[in-house]
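Undergrad: If you're matching them up, the sequences are chains A and B in order.
First residue of the first sequence? That's 22 in this note's numbering, and the numbers climb one at a time after it.
First residue of the second sequence? That's 80 in this note's numbering, and the numbers climb one at a time after it.
Please keep in mind that the hints were generated in silico from the structure rather than gathered at the bench.
Think of the CB as a built atom: it goes at the ideal place given N, C-alpha and C, for glycine as much as any other residue.
Restraint ranges, calculated between C-beta atoms of paired labels, are given here:
#, chain 1, residue 1, chain 2, residue 2, range
1, A, R43, B, T276, 32 to 42 Å
2, A, L161, B, D103, 33 to 43 Å
3, A, N184, B, D103, 36 to 46 Å
4, A, I162, B, P336, 33 to 43 Å
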Amino acid sequence: VQVALVERARAGDEEAFASLARAAGDRLLAIAYRILRDLGLAEDAVQQTLVLAWRELPTLRDADRFDAWLRRLLVNACYREARRGRQWATNVQLLSTDQVSPTDAYTSVAERDQLERGFRRLPPEQRAVFVFHHYLGLTLIEVAGELGVPLGTVKSRLHYATNTLRAAIEADLRVPTNSSREHSA
Amino acid sequence: MNTNTDFDRHASDWLADGPTELADRVLDAALREVHLTRQRRRWSASWRNAQMSLRLILAAGVTVAAIAVIAALGVLGGGPANPSPTPASPTSPPSQSTASLPASQGVALDPASWPTYTSAQYGFTIGHPKGWAERPATRAWSFATDNDAGAPHSDGADHFTSPDMTVRMSAWSVPLESSADLGSWPALETWIGAWCTQTGHAACSEIHQRAVPMCNEARDCHPALLIAFDDDVIAFATGGSITGVLVVAVWRGDSAPQTAAYGGSRALLEAALSTVGVVPATIPGEIGDAAATFIATGK
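Extracted from the complex, chain B is given alone in its bound form (with noise of 0.2 Å):
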């Protein structure tokens, strides 16, 4: 290292080393997200800037009407020495539907001011995070055409993406047959363990470990339950306004980094079933027992 020169020879030589070829897997798993997702369209960020420019031009001429309104008071009334107090507004007893949900960094849980997302092929309605994008199912989910693990990729289930394209969320409904009665937890319980099995899902052997208790609608309660499997969290639901069985997928486990930023795989899941009326069963009383009691021994 004598020199310049040597140097910069040196690092060039020391940077050649390494790897210079993209292994298969990594460009497929790469196209099949890009086929999985919407481009942008061309006028978006000519429409954002002009957005911007009309907010500002709202802003500012809502700040020179302030200003006159008030010039104007001070003008004709003198305006008070010593104002009074403003009175507090009254504010409303926050709701459980716009109740925020923890998120332990980054991202807020606020799924009451997430857009809405209204799925065409099933019907159901249900929120999704700020910026996320929407891609649409083309086709009905079935056990035939969808046995890969589920779906992560099917065109069979309506999918959001997030911004930097590093967590994925899905949701599809599994058609019933007539016969099948899914009125409780237990009666669920069995059927998430014949989907995981038909599906090819990886870990099939401890749902009941791994079942969190939910309602769906929390004044009936149909059954739901959530799974917290090692590289997805997905819940289940079924009952009431709900066709079939309902899926909501977050294709990360629980503690993956990609999700830390919402509190992790879980926290977005509830989120996103709350804006579908899915929530934990934590009811105090008769329903809360029922859910102690599932959790405890099975039935």
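Same shape as in the complex, but just chain A (with noise of 0.2 Å):
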């Protein structure tokens, strides 16, 4: 159904679009906000990508790539709006108590922020690599040719996006806190 909506679209075909936007939307916005971290950016992403998509379509030639074409779109529109100029960090969430399992210490509501920090200074083209592994769960080749990268660029991005975040996390843990200078005093 996908394939025959595309090549209406790609004909001229705007409503034959209009359901194809409306199918990948909230797909588009998930990863979006999860590369930009910042809701507005995403929505500004989404919609660029989504008329940059109904300019280009007629030059896509395999309907059955719409989808990781539309992909490789959005990441570069995201790429365009993390460098906008636009403030990364104005839109900090507050994390809710609420949803911490005690049991699990990365969902704790400090690790969780050092997971927001740290990911928040990663250049977009790490934080692109690092969703479309972790969170769309693409092998890294797949990542690679999604994004149109060799894979040993892929590697490299993900290993230093990882190591920042670890390293966010550990140095968070090693920031001594009331309790352990009363021990120690």
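Combine both chains into one complex, guided by the hints.
TA: Structure, rendered in structure tokens:
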């Protein structure tokens, strides 16, 4: 069904494109938000992606590749949004303690906050690789194909991203708490 | 974080949090934009490549010919041992219409080199930056059908969209009643106030404070005004060869980051206006004095 819609949209059918956009919109927003960590920027990136997709659709050779092609447009839109000069850290979320599981070290408020802060320090190219691998669940070879970069580049970006996030969490763990200072005193 | 597996699992858990639904307003806005956007033609990419190949072939041919001429001159004449300096080619002073307008950063505003567009609906010819997409008006603009804060998405306006889709400029004509007399800046300002209210524009209360007097056709200085609203910058010009009121709008506020590369929305709009013969009323003498009086007193 989707291939037929893509073909119709490619021929200029706006209704067919609207159907494709409605079907893809949620997925695109989810990815864009996870790369940009800002809902406003993510919405702008999705809007740009959809308009650009419509304009460039006649150049898409293989209708079966529509989803992957759309994701690549989205990532490029995210890069543009990230570099447009707006502050990335304007929309820091307050994490609800209701969601915290005491048995899970990583879901503590402090550690989730450290992940957030660490992630915001990553350049957008590393964020995209991290999100495609850990959120979309793509293999590194698949990530390389989707983003159009060599496998070695994907590995490198993921390596740096992971190290940065690990370092952010470990730095937080090294900060002495009041109780530990009291024990050592 | 003792193992890679732990880290991967927790990274995935952390990423799972967050919005997963696109707001309807975003989708609607995108589809409105789609409606105004032409699709790239299938042949355009191959045509670009063909043009590139042609250019390369021509460049190579010119280079070969130049080398042949130089070699022939060297063989036949021996060439001067100390060639005299090449005289500087005469340069003509830049005229007002070809002067580049300053841009604070990014894209240089050189409206003289812009492609021009002639409106089939209204007849005016206007320039826009290179690479912008054109979408022609398909009907006439009217107050009855275009009461959505002017015409950002109206089929009654010619639209020009930047390559990255973040900036749109529109131009259209508003018909005037035969009895209307807009032969002065105050009269045009009053008309703009009525237009603003009638179209439901957001900021109609400070038009005079925002108005910049301009001249349509510098020699005769038919009145034109540029209004920098908060969310868009719009110019209105009348008289001379213009039928009705020509409206040209950049649908971004002057300080919007999307137009920063053009020196701001106002600079972009002024550059476009210069291609239709509308220039700032900063001409020394009577016109400049009248503009200063208008700014100070509104008369």
